[in-house]
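**Student:** Residue strings, one per chain:
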Amino acid sequence: MYTLYLKIAIRHLLKNKLYSFLNILGLAIGLASFTLIMIYVNYERSYDTFEGSENVYRVYMDYKKGNIYEPGDAQTYNLTGPTIKRKFPEVLEQVRLYKFDEIVFTYNSQVFKEKNGSLADPSYFDVFGYSLLKGDINSVLQEPNTIILTHNLASKLFGDKNPIGNSIFAFVGGNKTMLRITGVMDNVPETTHMKTNFLISYSTINTWNTFDKYERELNWNQNHFFTYLKIDKNANIKTLKTKIMTLDFSDNFDERHNIEPLEDIHLYSNKPYETEINGSATRVKFLTAIAFIILILSWLNYINLSTTKSLERAKEIGIRKVTGAKKSQLIIQSIVESVILNLVAFLLVIAISMLVLSVYNKITTGGELILDMRTIKQLLPVFGIVVFGVMLASLYPAFLLSSYKPSKALKGKIRTSTNGLHIRKGLVVIQFVATIVLIIGTIVITRQINHLQNQPLETSLNNIVAFSGQLLTKKDSILSTKLELMKNKIKKLPNVSHVMTTQTFPGDDFMNLSSAMGIIYPDGTNNNNKVYYNYEINSPEYFEMMDMKFVAGNTFLSHSTYKNRQVVINEEMAKMIGMSNPIEAVGQKIKFWSEDWNIIGVIKNYHHFGLKKPVIPLIIRHGRVDNYMLVKFDTTIISTSEFMQTITQIENLWKQTFSKSTFDYTFVDKQFDAQYNDDKQFSAAFRVFTMLAIFIAALGLFGLSSYTCIQRKKEIGIRKVNGASVFGILKLLNIDFLKWIGVAFIIAIPIAWYTMNSWLENFALKTSLSWWIFILSGVITLSIILLTVSWQSFIVANKNPATTLRDE
Amino acid sequence: MLLQLKNVSKWVQSGGQNVFLLKDINFWVNEGDFISIMGPSGSGKSTLLNIIGMLDHFNEGTYTFLEESVHSLKEKHRANLYKQYIGFVFQAYHLIDELTVKENLEMPLLYKKQGSSERKALVADMLDRFNIVGKKDLFPSQLSGGQQQLVGVARALIASPKLILADEPTGNLNSKQGDEIMGIFKELNKEGVTIIQVTHSEKNAAYGSRVLNLLDGCIEC
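In the order they appear, the protein sequences are chains A and B.
The working numbering numbers the first residue of the first sequence as 2 and each following residue consecutively.
The working numbering numbers the first residue of the second sequence as 680 and each following residue consecutively.
One or more hints might be untrue.
Said to hold, decoys possible - Using 16 Å as the maximum straight-line C-alpha spacing, the simulated EDC-like pairs for lysine to aspartate or glutamate come out as follows: (1) A:Lys613 x A:Asp674; (2) A:Lys656 x A:Glu485; (3) A:Lys316 x B:Glu754; (4) B:Lys814 x B:Asp804; (5) A:Lys8 x B:Asp804; (6) A:Lys327 x B:Glu754; (7) A:Lys116 x A:Glu103; (8) A:Lys328 x B:Glu754; (9) A:Lys8 x B:Asp776; (10) A:Lys65 x A:Asp252; (11) A:Lys16 x B:Asp776.
Rather than coming from a laboratory, the hints here were simulated on the basis of the structure.
Just chain B, with the same shape it has in the complex (with noise of 0.2 Å):
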């Protein structure tokens, strides 16, 4: 088992009362899983990812990743353990302006302090696998959507993450774009990386193993 939620909730105060953006979720995670959360908006989809890349707190509850007590580590260690072993992609990409493809690849290779030789290698893989190498000097500001996403995963990737997080990863994109993406996250999961994503869309949803629905922060309640 990678990961487990055992009655995870989350609220936040407004007006006196507390709201429940999530109630009380059990939820476990195999490695080689490939899951996909899915429901309206506002039913905490979000939120629950954010919680499971640890970017974000809980209330209630426990959660347990690889063994550790994510709910009872320090913030320190707690972003060593994201930093080492999960990957993000994101539906707006969030890659630096300021950097050429190569360099936003490079970057979390730079940040693991990862030796420059090694660093060159990981990141012409990633740029063969992903068919960019023709692109890697342009700044993303430079690449399409789709090819924005592309590198988004690529990074997402390099460090060799045992988990990729992915919220409405194909959002912005258009249906070819996004079809090209979901093969990427299925091939990916062929090899054995688990991959979460949140999604709106049923097509994408059928490329996982296992749907998860959410209403008002409940897992099919």
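Bound-form chain A, shown alone (with noise of 0.2 Å):
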């Protein structure tokens, strides 16, 4: 019995190769997405997450900003951690974490950069549930000059041979010191917003000399520090956020502490000196969004494609009734295709799954997406509601089949009551609202993607190169005679045009640039509470080399001393402390750090952070900083080989100047454009999974057109005897779908509108939502349904009468 079941299924598939392979298709495409979307969404919120992490919460500072407080530094002091677990009960462990911008290792010969480590208290494993592979859990992290390594930075440098007991050397600005290993530690998870592969004891701060006594010391004054809580999970966390928000430290009323949740941090926080670029909740729920929606597409495709196809077997069913088939077994029949045809479409789906992780993994440099059991785990609920719905969808024409009488049947004179003919045409309409909806956030996604690369950034990064490196010797005093000469030897190479040093360059992370509160205008007034950054160039030439231009005064004078401290202010910091013209800054003095400070140029606003930020205050300061080296090259160099011809040039003077050091550089304008690069992506993804969605609302379509077709095949070869020319029965045949893109079109504007509106929020520099891209959507839609649907219509309605009438 079953064997004819399948046997009829399989040769039915094979017999109608193209409806079959559009309804896999369709299938495996849209299930293909969802599991992929799915996977990726999953991985995002699966950051920071082990056993406790729900009870632990980051606390970080709120700044006020005119009369209310606004997320101001990720970061906060070395007395928050401490104070608060002290004061508060609930608190019951607390862990501050000094974050490395990058350190260099030695051991033995071997010298290797490591960016990811912290200074950390003990109470590290107790607050993080990663867990200690070797050494004494209840001693590691006390004493000072002690490290522990994790298995994999263990076994790159120790190899299978034990660590513990062994020394390595540790490098920060040229400051070196001596850690003894006394533990290993499991891999910390790529999905961490703290990514980890080293921990220092953090009472290192104090034998180590590249901390200063300020930082030593305890104080309310310098916030470098991430601090996480272990709260009683029974604790009411409104209350103790109240507590801490209102905990008075410092006299200081235009700050306070507040806490997040640890595992909301990498899609919801976004506060200045996190630790990495984080995640966006917003991406996330677009994404998830879009999975639904191309999961709900190709559902409804399916319905469409095989209720338009079954009810072209009512032949073969009146067949099968009269010979003697009874209901239970036509059921069974149309439940075994069912099967068949998602057995396949299944085992599509994992293979375009699996290829298209492959390639993925293979192309990005980020945590790696699998299909693990865990996700599989929690797709499972989802596909087993797909599942069922399939099934229903092949149910439906198995009942409305079987219950006609077989004296019909026979004649194939099935018509579907107006009642399933409502329901089939809502379904198309919901598939126009989404591919209107759709095709709407493709081009306002893209449109603003390519807004925020064609505004003025007021500064020119081409050609730049920054050039870092770490010594491993002990700072001398000749370092600075040293770096000039090497500056100078470096200018005169071909190609290049500009050398200096600074502090910090547009597009740099946000660590190397200084944020304070706190200053005295040029007319007496105290400003405490507005936060504004600094940098420290060593050169007059930095202004014409970074292309930023002077709407008031003039740079440095070369030959000015530090000592006269001179500053260029941005025009925003000009606004800032009252100047309605920048020229009025000029001469201008300036009080912070208990120093006054002459304001000498000002310069146009560019975008230190890219585009997606507002612009922010800023003061620019003469020093003699060396944190980066920057190069500008001529425009004349075009190639690449050029390129690297003279960084080796440069990367072999910087070897003769300092013997122990490494040697790193980055292209300053690749590396600010990398700050798009999630937009970039995002939108990339939007758009394919836009396109996979239209395919599949097409595939439907086509299944319901052919189905209209088919039923009107008589009345078109009546009309077409009774003298309607082709065009006019393409009318009638496609007036229909048009009236229903009319409904949909309605539907479907103000969702867009306001989920556009809503995740462009997301940027200071929004584009518009002009009229004419609701329009465009539409026009769109009707072209792509207009050219599915025509397909058929064209067809049927060049078909000969005399063969259509025939039938009947």
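Two chains, two separate frames, one set of hints: put the complex together.
**Tutor:** Pasting the structure below:
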């Protein structure tokens, strides 16, 4: 019996190759897109989850802006954690982390750089649910000058040997210290905002001369520490939050502490001084929405196609009934067919997902996405719903057909009730709505990204390379002389136009920019509650090199000494200190860090952190800094090989000057553009999935229109015999679809407007939601739909009425 | 007596008026009869045949089949009755396109849940009897109309029904093929199978033992 079912099912699928292909393809693409998006979404949402992570909170600083507090800094004071723990019993444990920007380790002859690691209190393992593989959990991180490595880092350094007891050297800013390895911890997963490869005991802060006394002393002045709290799971978080917010810590009412759940940091936190560029909840929500839209579309599509097709099989069902099939047997047959179809689609889904994932993992550098048991378990209920839905879709025609009298079914005279037709029309309208919304979304997102990239930056980053290195010897007195000598040599290289050193540059890490509060304006106003930023450069050439334009005043005098305390500010800063015209600012004095500073120039606002963020008030100081060496090349260089040749020459000079040093470089424009990578990827993903969704919707439409054509074959024949033209018939067949598009358009516009408007809220500079975007999306949808529908209609309209009429 | 129709009428509503498809039909069939129903288009021949085959309902009258009152039976019982005793042959053959000749023949047996060996024997029997052993693995589309109708007849017979209902079985065939099918019917009838056929052709009607003339839904009115 079941072999017969299988036989009929398989032969039927093979016979109707186009139909089976469309149906399986639609289902497979839909489910695969859904699976892939959900794997990504799950990955994003799995950040910072471990056993007990729901009770861990991060403390951050709110700064007062006007009358309201805004998240101002992800880092807190070294007193924050201990104070909160002492005052509030529901805080079970606290841990402070001082994250290193970059640290260089040496062990025997090995030299290696590590970006991810911190100073950590011994309570680290009480707060974070990671496990210690080797070492004594009660004593690790207690003693100064001790370090814990992750398993990966330990095996990179020591292979299979036990690293415990060995010592390695660490360098930060030319300051060296020796660290004894006291433990090996489990690898910290990629899915955390605080990537960690090593932990150095917090007490090392007192012995290592890279830290100054301001960082060693417990104080309420310098906030460089990430603080995490483990809170009693029965505690009332709201109450605790209020208590922490109203904590009186330094008579400073312009800032306060606040807490946020650890698990929310990756998706919801976007404060200054985060450890990395975090994800975006909006993006995740958008992708989830697309995933479900695609899923629903492919489901609707399946329903449309399979109902349509099974109605064509009325005759076959009639024969079966006449030859003795029971209703249940007919229904089983229907189910067997859909099971086969789904099975094929499902295998395709797995194949497509694996393929896409392997390609994706190859081209992205971040964490690997995998289809693991956990994801499968999470997706299972959704798949269950889908399979159930598909079953339902296959049962509908089975019930419908088997309830007809065989004498009618045999004549193929089955018409669905108007109800059934209404349902199908409703489904198609939903598909149109989704299509229009997605098209509008694609246009708006693409426009926004272009809008960002076409904004004037007011600085030019082309042909500039930032070099940096970590000295592995003690800083000596002749270091700056050596550096000057090297800079002069580099300047003489062919193709080099500028060389200088600086603290930071546009697009560089937040960590390298200083933020401060408390400034006295030229008119004597003492403002303590506005954040401003500053950095130091070493050469007056900087502005010319970066193509930053002065609106008033000029750059530092080349022979002025650093002691002159000259600063250049941007327009935003000029506005902040109460200058209506930038020219007024020149020559004025401002006071911060207990010193007077002379404003000698005002530059046009430029975007230091990319165009997503608003322009910040900025002070650029003239100083002796040497964080980075910026080298600008002549615009005459075009080939990469020429570039690389000069960079190699610089590397050689560097190695001659500093025999023991690391050497790094980065192209400034590329690093700046990297800030938009997430948005670009999002936009690309949105485009791809939109196209897939439209494709699936078109499949469903194709099904519906072919059904309509079959149903109206006779009518069309009669009309043609009575003189209707092909065009007239096309009009007749397409007019319905036009009406539906109209309805869909009206429903789609407010949805699209609302969602895109809220997405644009993420950007400081937004593109406009012009009316033509909506019209254009309508026109695109209309043409896609008419093309799909007309293909069918055209065939039917051109059929010889003699053949269509004879069938009846 | 195999079946009897008493005062059977069937009508449809059209524009507020009853239009009679069949009117006051009285009619009986004995086992072993070979009856031809004749009449012009629209006279109700096919409707009558569908009612006899229990595929269609009627509005008035009684229908007794092997002592069972068909008109008062529930749908399910009625279906069981025709599945057990009646075989159908159609003008357009109505074979399932996706199944081979052998599988088409096997289908009614599968629905009756007969054992595999029995099925095989019966199918082999039929193939043999109708001389289509060589065609058993072909699909309907690979056969001529006459061959398809042979399969149709064989399928109707395979579950050994008491009654065969044939709706213009030769309507789509040329005269030679038609004669062959009629010959088979004649033979079957001799073996004791009751046959009711609808036909337009006097020649085919002559194969039967009795002719029923329908005009506007009435028998000889």
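**Student:** Starting from the hint list further up, note which numbers the structure goes against and sort them upward.
**Tutor:** 3, 5
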